[in-house]
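Participant: Spelled out from the first residue to the last, the chains are:
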Amino acid sequence: MNILKTPSTSSELNSSRREFLKKLGIVGGGLIMAVPLSACASSYPYAKNEKGQAQLQANAYLQITQNNEIHFYMGRSEMGQGTYTGLTTLIAEELDVLPSDITVHHATAHEAFTNTEYGMQATGGSTSMKISYLPMRQAAANTKAVIKQAAAKALNLEANTLTTDAGHIIVGNKKVPYGEFVELAATLNAPENAPLKNKSQFKYIGKDAPRLDGLAKSNGSAQFGIDVDFPGLYRAALLRCPVARGTVKSVNDKDALAMTGVKKVVTICNGVAVIADNYWQAKQALTKLKVEWELPETLAGFSSDTGKQLFVDALNSDDYEVASEEGDGIAALENASNTLSADYWAPYLAHATMEPLNCTVKIENDHMDVWVGSQSPGIAQGLAAFYGDIDKNNVRIHSTFLGGGFGRRSASDFVGEAAAIAKESGLAIQLVWSREDDTRHDLYRPAAMARFNVGLDKQGNIESWVVRRVGPNIMSYTIDEAVDAMAPEFLPNAMVDWMSKRGYGIFDGLSVDHSSVEGLYEDYAAPHKEVQHVTVDPGLPCGFWRSVGHSFSGFFKESMMDEIAHSQQQDPVAYRLKHTKENKRLSNVIKLAAEKTNWNARKNNNNGKRHLGFAAHTSFLASVAQVADVSIENGQIKVHKVTCVIDCGSLVNPDIVKAQMESGIIFGLTAALYGDITLKDGAVQQSNFHDYPILRMHEAPEIEVHIIKSDEAPTGVGEPGTPPIAAAVANAVFAINGKRLRSLPLKLS
Amino acid sequence: MISFQLNGEKVEAHVPDDMPLLWVIRDHFKMKGSKFGCGMGLCGACSMMVDGQSTRTCILPVSAVANKSITTIEGLSVGEQLSQLQQAWVEDSVPQCGYCQSGQLISATALLKQNANPSDAEIDQAMSGNICRCGTYPRIKQAIKKVASNRQASVEIFDPTLNKTHNTTEEASA
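Chains A and B, in that order, are what the protein sequence lines are. Letter by letter, the first sequence follows residues 1 to 749 in the numbering used here. Letter by letter, the second sequence follows residues 1001 to 1174 in the numbering used here.
Since the hints were made in silico from the structure, they are not lab data. Backbone N, C-alpha and C define an ideal beta-carbon position, used for all residues, glycine too. Any given hint could turn out to be false.
[Said to hold, decoys possible] Listed next, the in silico DSS-like pairs over lysine-lysine satisfying Cα-Cα at most 25 Å (straight line): (1) 264(A) - 1030(B); (2) 1141(B) - 638(A); (3) 603(A) - 641(A).
[As the list claims (entries may be wrong)] A short list of chain A residues far from chain B (calculated; beta carbon distances all over 10 Å): (4) 191; (5) 245; (6) 311; (7) 319; (8) 330; (9) 389; (10) 398; (11) 458; (12) 567; (13) 736.
Generate the whole structure from the sequences, applying the supplied hints.
Facilitator: Structure representation (structure tokens):
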């Protein structure tokens, strides 16, 4: 445990503690503790700096001031998933303070806040709780221990005679605030491994409690990026080429410049920006611009109606890569007593975060201030520096709440745009995307096609599982951005580690992007498996979308399991259980979901209009089973109720887990019933919520969530609720009318 | 110049007649609680009450609210005192990312003013103009029902020190 007042571990701290803390956004004195978030001591918390010296890598900071204010500088982003409350709960528990007494700060971009899972400062992949659960508690426990040591010293008592309660040291019947002892504590050596509470001692962990950001989000005071404002700030709107990555050939801005409130029109690498006093003026003037575009050839030649054939051709191609192999899938297929084959499709999807993308940039004296709600403040900082042509060390990121992320805000394209506009115009600007911009210039969930070839043995069990996925890969787009952002001298070693650890094909053809095939083959046992991949990429930018590859593989795999079970006249639940004997986490959620929905009694009920569909999927280490209760009303799919069971290990706040299941299900239902981004001559055809509809309240089902009790390490919960739902609904439709829907969005005709 | 009541106080603004009310509130009055979501009146993030009706203000020219009474999210609470719906929102952890919740609360408040004890179908109908991408619908519905049923059970108490149109006591008597 490292107290920043005794700078013995970090050369950076030695040289300038105050400067270092200032960069992190930490002001005021008291006891400031670094929180290293790693169980793996060999690589973290000590990383090598450029001189090869060991350097402290901490990932959050905890500060207790003399006034007994408790500040938590949170390296992760809050986008609705509950991290703000969850991580704060961990600290409150071991520090023994009330969760509501902790002031949470969104941390600036700094390598100190690196996500150990990714080697950079990022929030995604349902990792925050997984990587924080023990280290965050340990840091808080160590902090409490050193405060107790200081109190013992000051009061001339033995530390073990002192107890704590709600931010106070208890001495007999006297309560003394922690703050009284922090100056002294900062001069002591804190223990590295103060004992943690055991489960029975928990006051907050594992208990339902209201979200700590609930108040600010219920009275309008929560600050999102779009709410940033200060005197001298102008608003910018940007006209982009309708075809992604097109560039400006010529501009006529005469009419736009003549509009009221317009200050400047500037051309940047991907479009033309109008800067005005307010957004409404900028948006209106944008329609007066006359711009000719240089179109990117490949994408401009792609239309969804005809282009789907590219995917089909790849399904039939002999030219593929093998992404994963167990046994000999192809040979076993030939020897199987029975085989089954089916093709599935999932379209491109937009994220449609409720808060349109936006970023505020001010450049002054070779320094840049950037206000943004980002899942990757580190990448945001790099891109802002690159496009603003400013030393990255002089770019300061001010983080805000995120009005939805779902992976969209892990990219920083909009930050680069804002930086470029600020640089070109010489003005402090806030770039605001319109909903149309958001729908048409996303980094989309990649479209995907899959073909299953399944070989069965004499008992109808899976002998060979061969699946081929066809479609674009995410990583070529996201790595691109990260590397562009970090000119070679800034490319941190950790980034390279991250790339190699994830095993992504950074260079085309070297290996298969894991996110393209994840979830297609892991859940069910079969003696032989082969996963194949063919990259087909029309050139529409792709990115992380809630649950990433699982968002389509969950639908493909779980629909296929239902197909196989029915083809063998076997119960889909029993059939899944036969293939999950070694997979306790998954089989437990399947069993409980069947029990809670009275599956065995209801599955053969062909009289009523409502039928059940079953699906289960493991992603981000959490297993989730969902049962959809569906009917067809006036030719439309109506989802009445979804019963959901999750095993996500230990719980920090069960109510937030429940909320994330509700959220993941409804998010997944929008994709199951509506989501479809299509292209015409390379341009996205959808534009706003009328043609890219989002599930509304009257369409939302009743949702019942059950959580498996577990003492295992916690997983994340932001994503695992999404993958199973489309298959659960499609499988229910099959139960109703015997129609197998193999394309998303689900359409009855 | 245009004048109207904003959260109980008379205000005036020198803005173009066709400027949407949302941007007048956000950029002129610098009240940031009401949000921009779609610019087409489709998502409800910009909802404000105009004479008690939940209204999409991203497409509403400011000239249309001359001399009318506007209530934004900032006007639902009185100082630190949250409205009953806001209280329920906090207690039941309704918000996730939180961006749409100002609009949701405005629509829910307008609903309960008009219908003290709405059915599920009436809630669905009143709230279907407000999109939540995080999928907080089950909790929104639960919070509305909780407030509606509490009001059925509670005794109305009038506090004469609170006289603004948007105070919680008046809501209770709606």
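Participant: Compare the structure with each hint and give your call.
Facilitator: Quick rundown of the hints versus the structure:
Straight-line distance between C-alpha atoms of residue 264(A) and residue 1030(B) comes to about 23 Å, which keeps the hinted pair within the 25 Å bound. Pair hint residue 1141(B) plus residue 638(A) holds up; C-alpha atoms about 19 Å apart against a cutoff of 25 Å. The hinted pair formed by residue 603(A) and residue 641(A) meets the criterion: a straight-line CA distance of about 15 Å does not exceed 25 Å. Listed as outside the interface, residue 191(A) is consistent with that label: its C-beta sits roughly 35 Å from the nearest C-beta of chain B, beyond the 10 Å cut-off.
Residue-level check passed: residue 245(A) sits 25 Å from the nearest beta carbon of chain B, beyond 10 Å. Even its closest Cβ contact with chain B, about 28 Å, leaves residue 311(A) beyond 10 Å, as expected for a residue assigned away from the interface. Listed as outside the interface, residue 319(A) is consistent with that label: its C-beta sits roughly 39 Å from the nearest C-beta of chain B, beyond the 10 Å cut-off. Here residue 330(A) stays apart from chain B, with its beta-carbon at least about 42 Å from theirs, past the 10 Å limit.
Remark: the non-interface label on residue 389(A) is consistent with the geometry, its nearest Cβ contact in chain B lying 29 Å away (cut-off 10 Å). Even its closest Cβ contact with chain B, about 15 Å, leaves residue 398(A) beyond 10 Å, as expected for a residue assigned away from the interface. The Cβ of residue 458(A) lies farther than 10 Å from every Cβ of chain B, with a closest approach of about 45 Å, so its non-interface assignment holds. Non-interface status of residue 567(A) relative to chain B is upheld: no Cβ of that chain comes within 10 Å, the nearest being about 34 Å off.
For residue 736(A), the condition that its CB be more than 10 Å from all CB atoms of chain B holds, with the nearest at approximately 23 Å.
Taken one by one, the earlier hints all hold for this structure without exception.
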